[in-house]
Each structure stands twice: as structure tokens, then as C-alpha cells.
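For this one, chain A is given, so just place chains B and C on it according to the hints.
Chains as they are written, first to last, in numbering that gives the first Met the number 0: chain A, 0 to 474; chain B, 0 to 474; chain C, 0 to 474.
In case anyone wonders, no lab produced these hints; they're calculated from the structure.
Don't take each hint at face value.
[What the hints assert, rightly or not] Residues from chain C that face chain A, not an exhaustive set, calculated with beta carbons under 10 Å:
#1 Val16
#2 Arg344
#3 Leu441
#4 His448
[Said to hold, decoys possible] Here are some chain A residues the structure puts well away from chain B; computed CB gaps all over 12 Å:
#5 His39
#6 Asp41
#7 Pro50
#8 Asp53
#9 Glu90
#10 Glu122
#11 Leu146
#12 Tyr224
#13 Phe410
This structure is a prediction, so every number in the text was calculated from the model and none was measured.
Virtual Cβ for every residue (Gly too), placed ideally from N, Cα, C.
Single-letter residue listing:
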Amino acid sequence: MTAWTLHPDRALPADPVTRPIAREIYEAVQDLPIVSMHGHVDVTAFADDEPFPDPAQLLVVPDHYLTRMLVSQGAQLPELGVGPVDGPGFESDPREIFRRFCAGWKHFRGTPTRYWMEHELVEIFGVTVRPSAETADQIYDQIAETLADPTFRPRALLDRFGIEIIGTTDPAWSTLDEHARLAADLPGRVLPTFRPDPLLHPARATWQGDLERLATASGIATDTYAGYLAALRERRAAFVAAGGLATDHGHLSADTTPLPDDVASSLFEKALRGSSDGSGISTAEESAFSAHMLFQMAAMSVEDGLVMQFHPGVLRDHDPAVAATFGPDKGYDIPVVTEFAHGLRPVLEAFGNSASFRMIAFTVDEDVYSRELAPLAGVYPALRLGAPWWFLDAPDAMRRFREAATETAGFSNMSGFVDDTRAFCSIPARHDLARRVDAGYLARLVAEHRLDLDEAVDTAADLAYHLPKLAYAAR
Amino acid sequence: MTAWTLHPDRALPADPVTRPIAREIYEAVQDLPIVSMHGHVDVTAFADDEPFPDPAQLLVVPDHYLTRMLVSQGAQLPELGVGPVDGPGFESDPREIFRRFCAGWKHFRGTPTRYWMEHELVEIFGVTVRPSAETADQIYDQIAETLADPTFRPRALLDRFGIEIIGTTDPAWSTLDEHARLAADLPGRVLPTFRPDPLLHPARATWQGDLERLATASGIATDTYAGYLAALRERRAAFVAAGGLATDHGHLSADTTPLPDDVASSLFEKALRGSSDGSGISTAEESAFSAHMLFQMAAMSVEDGLVMQFHPGVLRDHDPAVAATFGPDKGYDIPVVTEFAHGLRPVLEAFGNSASFRMIAFTVDEDVYSRELAPLAGVYPALRLGAPWWFLDAPDAMRRFREAATETAGFSNMSGFVDDTRAFCSIPARHDLARRVDAGYLARLVAEHRLDLDEAVDTAADLAYHLPKLAYAAR
Amino acid sequence: MTAWTLHPDRALPADPVTRPIAREIYEAVQDLPIVSMHGHVDVTAFADDEPFPDPAQLLVVPDHYLTRMLVSQGAQLPELGVGPVDGPGFESDPREIFRRFCAGWKHFRGTPTRYWMEHELVEIFGVTVRPSAETADQIYDQIAETLADPTFRPRALLDRFGIEIIGTTDPAWSTLDEHARLAADLPGRVLPTFRPDPLLHPARATWQGDLERLATASGIATDTYAGYLAALRERRAAFVAAGGLATDHGHLSADTTPLPDDVASSLFEKALRGSSDGSGISTAEESAFSAHMLFQMAAMSVEDGLVMQFHPGVLRDHDPAVAATFGPDKGYDIPVVTEFAHGLRPVLEAFGNSASFRMIAFTVDEDVYSRELAPLAGVYPALRLGAPWWFLDAPDAMRRFREAATETAGFSNMSGFVDDTRAFCSIPARHDLARRVDAGYLARLVAEHRLDLDEAVDTAADLAYHLPKLAYAAR
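Next up, chain A with everything else stripped away, as it sits in the complex (with noise of 0.2 Å):
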């Protein structure tokens, strides 16, 4: 077998007419740096910026998109890595969970993990073996040799990866140290990114704890809904003065309906009694009430300019059994049907034509792209239409998001591309994989005779760098 190598026409359309255009477009962009302004990796790495531990720690364990898979086909958790909440009974030995992944290679054809991972393995670690049971070993030694290299330190691989600014998601509570520091080290290049969601909905069995973490944290008492509001209006007011410039959301509907303030107030002390002597509140209230707090949210960005980003519709641990033993966020997260016409009409009511207001919606539900979002975005200055987003950060996919979304929404009423990712090491290639799609959508306009090559070039630089800039840019 040859040696395993990334062809550099990978991703581009294959017919011999829109591939050289694609490419000429893919050329003009593909060095331009990183604006990843929406992602889950822990802040410690770039404020300790130790080396990362092992392959697997770094490659496979925290992967849900990785580990789902894998369990799909039989593996169980334990046997990746992943611990039951409460205790120890997991593979300890790295060597051992890689092996794993490595013999499951097959399981990723036709998915962006494979896609991702091939980029990972080649052009970071340098690896020229396709995975196998009978190639791990050789491929985790590399890795792991690497990784020992002082230059694959997280803030080195900032630099190497061409990642101009970072966000990461931060709760409410979150005191933000690691950003005072990181501020002070590399300023302007990873700012916070304000999480409120489990304060927003009273009927979770951690809602009291999480209160009073945000008590501690704002210095306000949250045991009235004033102080509960005020406390929010702090903590954003931190993250301001930290230099985050987003909020986020991950609400299962996308309704955004208000309460009046009295009924508003009576839910949250009826959710707060509830929460000691047992009784609670319902689930509808509670979905009332979180689609309240969501316009209350909208409220404060148009005050303080937190660009507000929206990611509802997803059932999140559809196993309930798998959530209580391994905790949440283990692949075990399902899309809904979302609706979005009448649940942002509240909020794109009262700020939708507001130059203040900036909101950006993601969705895991590719039907509402030409039916709601891209009508909604076409029309309303305040809304943007975010990236293909989790099980639609694909090839495919994306392709279909630009063909459903453009002609309604054209592209500058689009956030351009945000990845949404725990692991680091597939930023890049992610990035990369959309300006490729990106390239061959515009290049099919091209050779469509449907836009001009200049106007694609200019199109694929606004997708890749200059649109989430502005997206994201401080009201």
C-alpha cells in the first residue's frame, strides 16, 4: 500500500469542469486565518497550556462524535474510556482505547470524523498508515512523540493551526481567571462566551446549586427574580468587561415568548420553593419559563451587545440510563423537529429591525433552512443564519445548506463558517473542509454562468473570515 497522504483536491467537486474553478476559488482562501468564535474546549489548556496528555486523552475520550459511533457498533464506553460518573471501572491504558478506535476505522467511512480525523493524523502528526487494528500501535507512538514536543503545546498550536481568536463556552458563574490571564498573555485571542442555560431552566435537579453559584459569583442574591435578573445582567457585564462578545443558547424549542413580570416572578419563586420541598414546577411551566428567560436574554444583548447565539432542538440524553451512569454529552443527544417562524417572532417582533441586536440561529433540523431561517434572515437585519452546525458540519451536508439557504438568504445575511467542537486538533481541518465546500458550491455558480469569478473569490474570503468576523463584531 502507498503511504497515506491528503490529496490536495480533496473536497472539491469531481467533474473536470468546476474543479479547476474550485480549486483557483479554494487557493485564494485558504490561508486566511481562523476565527473560531464558537467551541467547547476547556480554557485551562490555553491558560496552563501544559501538553496535552496522551493520543487517546486528546483524540478519542471527550469525542462524542467518535465514541457514538463506536458504541453503535458494540463497543461499550467503558472500554473507550469514558468513566461512570460516580467511580472508576473504565480502560485506563490509552494504548488500549486507541487500539479500539483504530480497529472501528472502517465505521467512519462516509462521515466527517473520518474526513477529519484523516486530516488530523496526516498533517499534524504526520502519519502515513491508514488506521487498523494492525497500524494503531505504530500511529499512537507517533501521536504520542508529538505530542511531547513543546511546539504542540496548546498555545503554540494556536499559532501553528493560524487561529487568529478563539471562544470558549464559559458558565454564568464562571469567574473567568483563566481569561484574566489568558488577557494578559495573548490578548484579544481567547475570550469567554456567556452559557447560561442551566439557570434557566428551574425544573433541572442542579437549578437551586447553579443559583447560588451565580449568587456567589455576581455578588447578588438570587433568591427574588429581581435579584436573579440582576445577577444575570452582572455576570454578562464581566464577560463584557472580560471581552466576550457572545452569549449562548441550547434550549430544546426555539420558542422565545415572554411572560408578564408577575408571572414570571411567580414561576421562579415557585421553581425555587419547589426545588427544597420537592414539589417543582412543571415542564410546561418550565419551557414557559425558559422561553421567557430566552427573551430576556435578547433584552439584555440589545443593552450590552452580547451577539446572542441560538442553538435549540436538540433532545438531549435521549437515554436517560446512559446519562445517569456516564453524565451528559455522550453522544446520546438526538434533533427534534424545531420550529422557528412563530418561536423568534417574539423576539424578532420587539428587536429584529434593532441595529443593537444581533442574533445568530443554528439548527440540527435542515428543513426550516429554506422554509423559516433563510426567510427570516432575507428579511430582518438583526437575525444571521449560522453555519451548518454538529451532525450537519459535514460535506453533504453543507453542501445542502448553501443550496437550500442562498438563494433566499444570499450569503451576507449568514454568520459565514463556526465550528462548534471539544476537540482542538480537528479545528483546522474543519475550517478547511468548509472553505473547500464553500469553494465548490461558489465554483458550480461559476461554472453556472450564475456569478462571476471575481464576485466567488470575494463570496469565499467573506464565508471564511470576514463574515464571522462582522458576525460576531461588538455591537
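Same frame as chain A, now just chains B and C:
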């Protein structure tokens, strides 16, 4: 920069095997006459045959595809010449409006507006430079000069555009006077379409006034449910007498469930009383009543042979403040999930197998093509599947429509191409684009040996010309 | 006109870079045996091995894909040989029926019926002219002559078609006598499939009678809920003993929520009493009961190892008048919105991570591929994503399925190709077409350097042969 021209192969597939086949199919149909049975060009344009006013009033101000995109990028409607309902306060200099449009040309990349407008500017007005802030005045002058030529008056353009027949959309209470004049001057060429929407939605503020207009036009008192039905029936007969071939219905839902007569009658009376004393009927009651009235319209179609065009699934005036200030049709209309399988069932059970009935169903929720509309049109002889509508009247969306619907419905159960526009000069561009996209789709079937070339050419002529004629032929 | 032939590259991608790769992949799998685990060919065809009657009865009358298209274009079912339930009054001359089909050949352009039928006529029957009113008799005679040949009897065709194994669909109360004969003559080649649908829907008029059939077949009284469950369990065991590998379930909804035993039991009793005294159970109660019974079927599958095939989401007999006159399966079955994420949750929570359970889920609502089914199949080991079903078993729909589902579920979580037809002679055409479409999809991945050629060939063989064998293997 070289002169701006239209490429002869534009919108045909890029791949070198499929393109020459597509070109051959397209060339066989490109000069067929245009049948434009559904549109919103004002009948007075043809009746009075006055010259079009100026480039901005012709091409920019009334085209909500175009103004909505500029609004989404920060323009204010008044800056684009769109005035508040009750007064002045908007840009009145057409040259200034046209400059704003040209300066925003970039934002239309990838949209059908860009494609159609390029066709219009080059083909109709002989423009040779790309629109931009710099070229705006030059283009404006050239269009203005062209419009002054008597061969560019509306009736002359019917000939220039190759329009064999065009439908207008007229309120049920229209006197049809202009159509009488046109029937004398241009027999069978400009036909009225019966549009009763406001009369079928009793919760609208305008309903009482519209009922009175209906009474005046029909000479039948509309203060009872029986009178209301009789008046509608009288107006339908008047439209038939004036050459009308079709009705048109734009409802939020596709529900067609009939009510018992006494229930319908009492809802009518409740709405009528409520309209004067302010009590009104509920939203749910209005929905039930308007669904009932769709069933009545279908029943009347069986009697009088008018083809029933159905355009459901758009949430109109998503931002009510914009509607209150600027009126309807300003770009704030958003598609919503639309259910046809249950919705159309009452009408199809009753009339779906009748040779006396014809419904053409359109959608802006493209999910229903393969799931519902193609299966329904593929068995009920009375149902035809309409062409991709509104946001979906675009190259990639049209291709998706063919791919999603043809395998189940075939071609014979489709309406062929139907445009839907108030932008008169875009009609030839829209038909030409549809012919190109269909040629591309058919060429792929030929290239994949799924259809013979002679069949493809025959089908292309059906889609462009014969099927629309057939779909709208008197029952 | 030149002779009508099948192009060797039909249904492969047109572009000159991808086609030769597709051809290479296709050629590697074209001769693999056919595994046809889900279908509706009558078991008596194989048990009795009588010659097929005539061309119309073989190819036209029982094929609702075909008759529905002719009905949509104005034919009456009786003209096509489809008789009313209770009597004569339909065309009995097969030649006349065949003429009507050939005269309507144009209407099938672009549909899979056209593609399959062309394959059958040319490849199986040696037809060399395109069907039309003029050629109908010539084609009829040629087919009739072929059918008279003993090598065209059903069992001989199993060999000719390369069918290694074929499943039939049998009511739960089937004696399985024919299968006993076949097990002796053709061991392991024709297998029964347990289909209990009518027994799980207590509001159907036939329910009481079917319960009695179940009691007779099982020898267990079905007048209590416990007896009913025991009788179902007994029949499942009989199917297992007869070589059955799977069950099959066609429900309107994908809901699988179990009820408490006492609630299920009392609904059963209410239905049983209602069935005699006319009171019955409500539609909502029936829905709850049939969802509960799906859960019971899954639980029994864990016990007995039968693979659970699930085909929800079709509104049967959309026009009840047609069903009353002509019976079910006459082309008036329409897909509806189908929700799987919540619907399957109870069964997946209970058994989704069990190695003893296997469900294969099919859909005619293609929206759920990327949103729900691929994410579910991509994590739960017990769930496999079925091949595109019914209206979606068509070239472009199959391609959309691959593009929508593969990036999230990979190939290993799919069933591979599964046909679903009562048209025996279409089986080789359907498998051949699926192999071609998959070769085209895989070739694109190769041409885009997203997959290596050896991987593509290996995957094509999985999809065509190994995955179906594996998906239906005994647990």
C-alpha cells in the same frame, strides 16, 4: 472589465457530458410562447397601456424580493421609496432609490433576484455594465431612455416577451371593467383570476367593508350566510363570463374540512355581529370557517369549472409593526410547516376523482413534495402539483423540486411552469430560467440513460407550454 | 427507431470523472446474490410453482405503483383489471389491460416504475421495442410466450434472478403450511415474516374476526389480554420454528409508549366488548394501545430474537370510498409527517443498548433521515436504518438517502438494500438499480478523495449483500 453579457449556457449543468444534451433540449423549447396564468401585474397596466414611470418604480419599489434583501442589510424601507401607509416621509427621487439598489448589488449574489435582474438589464434594457455605486446613474439613464420608447409600453411588451396569455389577480368584488376593455382589444390574452381571500377570513379588520364591496359588486345582500354564498357564486360567474379560468387562495393552513351548514351559518353571523359590536370570532373559529369556505370554493369549482389554485402555508406580516406602518407584501411573509395529507383530504375525498374538478397545489414548505404532494398528485386525477413557488422559484430549488417530486408524480401530474410575480419585466427571465433548469434535469436523466432524448425534448415542451395550458384549461 | 436496449452504464453518474469509478465499483458487486428479506410476493407462488397467468396479471393488475399513475391520468381502476371487492364489473381481457398500460407509457417518464419495467421487459422478456399503443400487442405476445416456458416458473426464476433468500409477509394466524413444504423443497430459501398489524389495531372492523383466527391458529383463547399476548407469543414461536427471522409492523405513528398492564388489559377488554356491542374504543385509545403493543413486540423480540422491521407513517386508504369499493393497497396510501425521536424512545431506552434486540426502521418521510433516524442509528447498537422505502425506492431518492444519512450514521448502521414489492419480476431490477446508485454515490466519495477505491468496493459489497444478511441474522 469586459462587457456584461448573458452566457448562452447559463443555468445549464456544468459537467461536460450533460451540458450539450441540456443545450439541445433547451434550444428546442426556448422560443415557445409564455403562458403566465398566475401573477400580480396590475390589470390597469395593460388596460391603460401607459408608459412605465421610471426605473426605480418599475424595478425596485414594488419588488419585495428585492427590498427585503436591502432591508436585511440595514436599509430602511422609506429609503427605497416604500412609503408609510398614511403619508409621505419616503424617498421620492427615483434615481436615489436606484443608486441604493445598485450599491447593494453584492448582497444578491446567489439569489434568483440577481439572476432575473441580470437577464432583464442585459436582454431587455441593453445594459452592459455590472450594477454598482459607480455605474448606477449610467444604468438608470439607459433604462429611462428605453422606457420612453413606445415599443416598451405594456401591451407592446406582451409581444416582445412572447406572452401568449397572462392572468391577473383580482378581488372578488372587482367590476372587471378593465378586463372588459382588454377582452375587446386583446381577446383571450389578459384574463382575470378570482381571489376571495379577504372575504373568507372573518376575523380580519377589513372583513365587514369587504363584505359590503361584495354586496355592491354582486347586487346580492351579504348580511346572511346564504346571501354571502350566493354573492360569491355570482362573482365567480362574472369572472367566468370575463374569461377567467381560475381562482386563487392563500390561506395559512391547507385545511379544507367542511362544517355543517348551520355551524358555518352561525359562525358567519357571529363574525358579522362581532364586526360591528367588537366581539368578533376567535382565531380557531376563523380557521375553521376559512377551511370550510375552501371546501365551498372547491364545490363551486366543480359547478363552474374554475381551476382552484391553492397557495397555503405563509405566515403573513411576521412583523406586525412593519405591516401597520407600510402595509402588506413588504417582505415580512414567512413560510411555515404545512400539512397537506390530512388538510386536503376532505376536498379530495369529495371531488378528487372527479373529471369536473381541478386543483393546483403550491407550497413553500418543500418537505411536502416527496412526502405528501407528489403521492397525492400521483393518484388523484383532480390534483396537479404546482411549480415551485415564491422562495422556491429559484434554480437550485427548482432542481430539488424535480428530483423530489418526479419519481412519484411523474411529469403529467404537474402544472408545468407557473410564474408568480408583480415584476412584469421579470416574466421572460423567470420562464427562461425554468426552461433551462428543466432542460438540465432532463439532460441528466438522458445522460444517466433513464430517459431517451426524444422523450426529454417532448417533456421539456410539456413543462414549458403544454402542461400549463392543459392545467388551466376550462373543465 | 433502433432496438430498445439497456445501456450498461444506466443510472451511473454522468460526469466523466466519476462514471468510470462507479462502473468499476458496480462491476465488483453486480453479480452478488440477492437477499430479499422484505416483500409481498405470495408464498403460494413458490409453494405451488404454477406458471404465472398472463402479462397483465403478472405485471399490471397487482402493481399499485403502476395502476395509481394511470388512475391519476384518468383511467378507472376496473379498466385496469382491478375489480370491486364484491363482484365483477371490471376488465377481464388481459390484452386490453396491457394495451392501456402501454398507451400510458409516457406518464411513467422519470419514475422508477419506468426504470424497473424497462429492465424487466428487456432483460427478462427480451422485448426490443418501446411500449406504446402501437407496440402493445407485440410486447404482450412476447411476454405470454416467455411465461409459457417452464424455466419461467417461480422457483426457476429464483435461480434465474440469483435470489439466495426471499422473505414473504404472512399474517400472524398463518398456518405456515406452504412454508413447511418450501422448507422441505428449498431449505432456508423462502422464509415467513410475522405480520401482526390487524391484531394490534382493535378499532378495525376486522379485529374480532382476526382475534378468532389467532385463537384458532395458536390454540390459545384470545378473549383475555393475557391470552391474546400468549397467543401472539405462540405464533411468533411458530414463525421462528418455520425459519422466520423477522416481524414487520406498519403503524400510522412511530409511537412505542407502553401502558401499565392494567390499562392495556382494560383497553383490550373494552375493545372486545365494543366489538360485539358496537361501542368500540376511541381512535386515541386505539393509538395508545397499538403503541403499547409495539413495545410488547419489541420485548418479545428480545426473547425470541426476531428482527423487528418497522414501517410507520403511511395514512392508508386516503380515499375511503376507493377502499370500500376496491379494497386496500390500491394506490391511495399517502405518507404523513412521522416523528421518531420521541416515538422510538421508550423502546430504545428499554432495549436499544441490548445485543439481543434488533430493530430496522424505515420511513417515507425523508426529513427524518438526517434529523432523527441517522442520529439514533448512529448511537443505539440495536437500531439499523432501513433502505429507502416505497416512494423513496427510486434513483434520486436513494441518492438523497445516502447523502442525508451516511455522514451521521455511517454505512455499518444501515440495513443495506431491502426491496419491498409484490411485483416478483421487479426484484432483480430493484437490486440492480440500488447497486448502481450506491456505486455512483461511493464513486463520488472516491472522486472527491473522501474514500479510497478499495474501501468503496468493500462498502458496495456490504450494502448489496453482507449488511442485509447481517441485519436479519438471528439474534
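Verification of the hints:
1. Val16: OK, holds: valine 16 of chain C within 10 Å of chain A, min 5 Å.
2. Arg344: holds, 6 Å
3. Leu441: holds, 8 Å
4. His448: holds, 4 Å
5. His39: Per Cβ check, histidine 39 of chain A is outside 12 Å of chain B; nearest 30 Å; holds.
6. Asp41: Since the minimum Cβ distance to chain B is about 36 Å, aspartate 41 of chain A lies beyond 12 Å and the statement holds.
7. Pro50: Its Cβ never comes within 12 Å of chain B, the nearest being 45 Å, so this holds.
8. Asp53: Aspartate 53 of chain A is indeed farther than 12 Å from all Cβ atoms of chain B, at 45 Å.
9. Glu90: holds, 43 Å
10. Glu122: With a cut-off of 12 Å, glutamate 122 of chain A remains clear of chain B, as the shortest Cβ separation is near 30 Å.
11. Leu146: holds, 42 Å
12. Tyr224: holds, 28 Å
13. Phe410: Given that some Cβ of chain B is not farther than 12 Å from that of phenylalanine 410 of chain A, nearest at about 6 Å, it is violated.
Hint compliance for this structure: hint 13 alone is broken.
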